[in-house]
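As a plain string of letters, each chain reads:
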Amino acid sequence: GESVGLHLPTLSVQEGDNSIINCAYSNSASDYFIWYKQESGKGPQFIIDIRSNMDKRQGQRVTVLLNKTVKHLSLQIAATQPGDSAVYFCAENMGSGGGADGLTFGKGTHLIIQP
Amino acid sequence: DSGVTQTPKHLITATGQRVTLRCSPRSGDLSVYWYQQSLDQGLQFLIHYYNGEERAKGNILERFSAQQFPDLHSELNLSSLELGDSALYFCASSPSVPGQVPQYFGPGTRLTVL
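Those sequence lines, one after another, are chains F and X.
The opening residue of the first sequence carries number 1 in our numbering; numbering runs sequentially from there.
The opening residue of the second sequence carries number 116 in our numbering; numbering runs sequentially from there.
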């Protein structure tokens, strides 16, 4: 079975509000995590990553939080815009480090921005 | 635009046939990864090549194979195609330096097996 999963398949938020997308992982040996955004008809687009020795990482309008105790990952998007509408995937690397093995992806959350 | 290119964008073929999907990584990237995305299985890792050598295999069927050429482009060969092979196929590349670095995905090839 998959070791990475998402709690909510669909999330609908008002434009301008903050969004939080959650992800659970089961492999405590995973040491690298990535969030991707996939728009219809396109490939996954890198948003932000975090290593297991960090709890939080911030980017432009996005923040990733990692809670290793409960094996939980979240993506926070501030002031959501229509262009944020997409499917969001969390992914983990269970390789020995260096990305030698492929990523394991969660099922994805469809974020819908309401005007 | 990630810098990863894939051809063709769409491919329609019949069961039992063989197809080849092509990927060019970002300039300077030595690693190429192949993934399959289907409605029932989601995004699944197939295989990883680094500088021409196979590094890791995921859920890749024996009917599928890949290779990476000296110019670093990669091809994914799918043979004896079945209806269930219909999916999106993505390649991704990552920087050559070892470490925890993101993979950058191409636009994908949509394969339809009739």
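Just so you know, the hints here were simulated from the structure itself, not pulled from any lab data.
Be careful, since some hints might not be right.
Said to hold, decoys possible - Quick list of simulated restraints, FRET-style, between CB atoms:
| hint | chain 1 | residue 1 | chain 2 | residue 2 | range |
| --- | --- | --- | --- | --- | --- |
| 1 | X | Thr227 | F | Met94 | 27 to 33 Å |
| 2 | F | Arg51 | X | Asp186 | 45 to 51 Å |
| 3 | X | Pro185 | F | Lys42 | 38 to 44 Å |
| 4 | F | Asn18 | X | Arg178 | 42 to 48 Å |
| 5 | F | Ser12 | X | Lys124 | 39 to 45 Å |
| 6 | X | Asn174 | F | Ser40 | 20 to 26 Å |
| 7 | F | Asn27 | X | Ala129 | 26 to 32 Å |
| 8 | F | Gln14 | X | Glu168 | 47 to 53 Å |
| 9 | F | Ala79 | X | Arg178 | 46 to 52 Å |
Unchecked claim - In silico EDC-like pairs for lysine to aspartate or glutamate, Cα to Cα no more than 20 Å straight-line:
| hint | chain 1 | residue 1 | chain 2 | residue 2 |
| --- | --- | --- | --- | --- |
| 10 | F | Lys42 | X | Asp155 |
| 11 | X | Lys172 | F | Glu39 |
| 12 | F | Lys42 | X | Asp116 |
| 13 | X | Lys124 | F | Glu39 |
Just so you know, these numbers come straight off a predicted model, no measurement behind them.
The beta-carbon is built from N, C-alpha and C at its ideal position, and this holds for glycine as well.
Now for the hints, and whether the structure bears them out:
1. Between Thr227 of chain X and Met94 of chain F, the C-beta spacing of about 32 Å keeps the proposed range 27 to 33 Å intact.
2. Taking 45 to 51 Å as the suggested C-beta distance range, the pair Arg51 of chain F and Asp186 of chain X does not conform, at roughly 32 Å.
3. Evaluation of the 38 to 44 Å hint for Pro185 of chain X and Lys42 of chain F yields a failure: the beta carbon distance comes to about 30 Å.
4. In this structure the supplied range 42 to 48 Å holds for Asn18 of chain F paired with Arg178 of chain X, their Cβ-Cβ distance being about 46 Å.
5. Judged by the Cβ atoms, the range 39 to 45 Å given for Ser12 of chain F and Lys124 of chain X is violated: they are separated by roughly 31 Å.
6. Taking the beta carbon of each, Asn174 of chain X and Ser40 of chain F are about 25 Å apart, inside 20 to 26 Å as hinted.
7. For the pair Asn27 of chain F and Ala129 of chain X, the beta carbons lie near 39 Å from each other, so the given range of 26 to 32 Å is not met.
8. Against the hinted window of 47 to 53 Å, the Cβ-Cβ separation of Gln14 of chain F and Glu168 of chain X comes to about 50 Å, which satisfies the hint.
9. Separation of Ala79 of chain F from Arg178 of chain X is about 47 Å and conforms to the stated range, judged on CB atoms against 46 to 52 Å.
10. With a CA separation close to 18 Å, the supplied pair Lys42 of chain F and Asp155 of chain X stays within the 20 Å bound.
11. Taking the CA atoms of Lys172 of chain X and Glu39 of chain F, the gap is near 27 Å; set against the 20 Å cutoff, the hint is violated.
12. Distance hint between Lys42 of chain F and Asp116 of chain X is fulfilled; the C-alpha atoms sit about 10 Å from each other, no more than 20 Å.
13. Using a Cα cut-off of 20 Å, the hinted pair Lys124 of chain X and Glu39 of chain F holds, with the two alpha carbons roughly 16 Å apart.
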